[in-house]
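Novice: Sequence:
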Amino acid sequence: MDVPIVMIGEAKEVTDADGMVDQNLFSLTVNAAPDSIPNEFEVDISGLTIGDSLRVGDIVLPSGVTTDVDVEETVAVGMITRSTLEAMAADEAAEAEALAAEEAAEAAEGEGDEASADDAGAAADEAADDE
Numbered sequence: 001m002d003v004p005i006v007m008i009g010e011a012k013e014v015t016d017a018d019g020m021v022d023q024n025l026f027s028l029t030v031n032a033a034p035d036s037i038p039n040e041f042e043v044d045i046s047g048l049t050i051g052d053s054l055r056v057g058d059i060v061l062p063s064g065v066t067t068d069v070d071v072e073e074t075v076a077v078g079m080i081t082r083s084t085l086e087a088m089a090a091d092e093a094a095e096a097e098a099l100a101a102e103e104a105a106e107a108a109e110g111e112g113d114e115a116s117a118d119d120a121g122a123a124a125d126e127a128a129d130d131e
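With the numbering used here as the guide, the letters of the sequence shown map in order to residues 1 to 131.
Simulated from the structure, these hints should not be mistaken for laboratory data.
Check before you lean on any hint, since a few could be wrong.
Straight-line distance between alpha carbons at most 16 Å, and here's what the computed EDC-like set of lysine to aspartate or glutamate pairs gives [said to hold, decoys possible]:
#1 Lys12 to Asp35
#2 Lys12 to Asp22
#3 Lys12 to Asp52
Label-pair restraints from in silico Cβ distances [claimed, not checked]:
#4 Thr81 to Asp35: 39 to 45 Å
#5 Thr15 to Ala108: 41 to 47 Å
#6 Thr49 to Ala96: 24 to 30 Å
Where a beta carbon is used, it is the ideal one built from N, C-alpha and C, also for glycine.
Can you make the complete structure from the sequences, with help from the hints?
Specialist: Written as structure tokens, this is what we have:
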């Protein structure tokens, strides 16, 4: 008999990170006497974080109810969405570009100072030669 799996609660850490909860398993096949079969399994996702997963072994089965599904089977996972990953990559690229531009400006400014010093030294040498 298949029993629906219903996620309850809000995975605040996941949503705060612009992620999502991906439910991989929507029902659980159970073995039980007809009067022992639950209407649904409620799975609390409140403590779920990015990279965390809830597994079949995390579901509390009532007395007299068993399942042949692997306890390591993933029920739900907290993950970052592709659009969030792309936005993060774009932000990192923009930061790297800004840093490179800043370093280039500092390097050009440093070279300009050296050139000014060389010009001043050459002018002093010419003045000394004229004497």
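Novice: The structure should be examined with respect to each hint, and the outcome stated for every one.
Specialist: Verification of the hints:
no., hint, in the structure
1, Lys12 to Asp35, "violated (36 Å)"
2, Lys12 to Asp22, "holds (14 Å)"
3, Lys12 to Asp52, "holds (13 Å)"
4, Thr81 to Asp35: 39 to 45 Å, "holds (42 Å)"
5, Thr15 to Ala108: 41 to 47 Å, "holds (45 Å)"
6, Thr49 to Ala96: 24 to 30 Å, "holds (28 Å)"
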